[in-house]
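Colleague: Under the UniProt record's numbering, the residue at position 78 of the sequence shown is numbered 78, and the numbers go up by one with no gaps.
A couple of the hints might just be wrong.
[Stated by the list, open to error] Label-pair distances were calculated between CB atoms; the ranges are:
(1) 94 to 34: 21 to 31 Å
(2) 37 to 94: 32 to 42 Å
(3) 112 to 92: 41 to 51 Å
(4) 108 to 81: 17 to 27 Å
(5) 74 to 41: 18 to 28 Å
(6) 110 to 78: 31 to 41 Å
(7) 55 to 82: 15 to 25 Å
Treat the hints as calculated values from the structure; they're not laboratory data. Since the model is a prediction, treat every value here as computed from it, not as a measurement. All C-beta atoms in this analysis are idealised placements derived from N, C-alpha and C, irrespective of residue type, glycine included.
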Amino acid sequence: MPRAFDDIPTMVTSPPTLSPSQESPSDDRLVDPEQLLTLLGDEYTRAIIDALGTESLPAREIASRTEISRPTVYRRLDRLETAGVVEPTMTVDPDGHHRQAFEVVIDGLELSLGDTAAQPATTTTDIASPITLSVLSDST
Numbered sequence: 001m002p003r004a005f006d007d008i009p010t011m012v013t014s015p016p017t018l019s020p021s022q023e024s025p026s027d028d029r030l031v032d033p034e035q036l037l038t039l040l041g042d043e044y045t046r047a048i049i050d051a052l053g054t055e056s057l058p059a060r061e062i063a064s065r066t067e068i069s070r071p072t073v074y075r076r077l078d079r080l081e082t083a084g085v086v087e088p089t090m091t092v093d094p095d096g097h098h099r100q101a102f103e104v105v106i107d108g109l110e111l112s113l114g115d116t117a118a119q120p121a122t123t124t125t126d127i128a129s130p131i132t133l134s135v136l137s138d139s140t
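Take the sequences, apply the hints, and build the full model.
Modeller: Spelled out as structure tokens, the structure:
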């Protein structure tokens, strides 16, 4: 069963990777705030991030811990990877099999409402909407 949004840890290390057309001149990566907020507003997404915490886990283990179907876990992980929130890693089981695992790679999010005149490079803003979302990372 998914836990409350407040229980989601904010941590880890790198900025999201998006298309070159979304890059700023300083090469920081930009994230569409509306899409990211919609993704993070999903109860399954939040449960997956909560299950990952500071660990690197395979999708099968995430599904087991969250009681979410594996197809749903894979769909959310794909969206989270596209948004730059998680990254896949390779792990080796004790029996020698290589498995893909996922880990959270952002430190947190900062949301600003209001004037969009001076925005940090890690944000994107829809001209019609004064909402700014910054992805916080140790590597910026």
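Colleague: So which hints don't hold here, by number, going up?
Modeller: 1, 6
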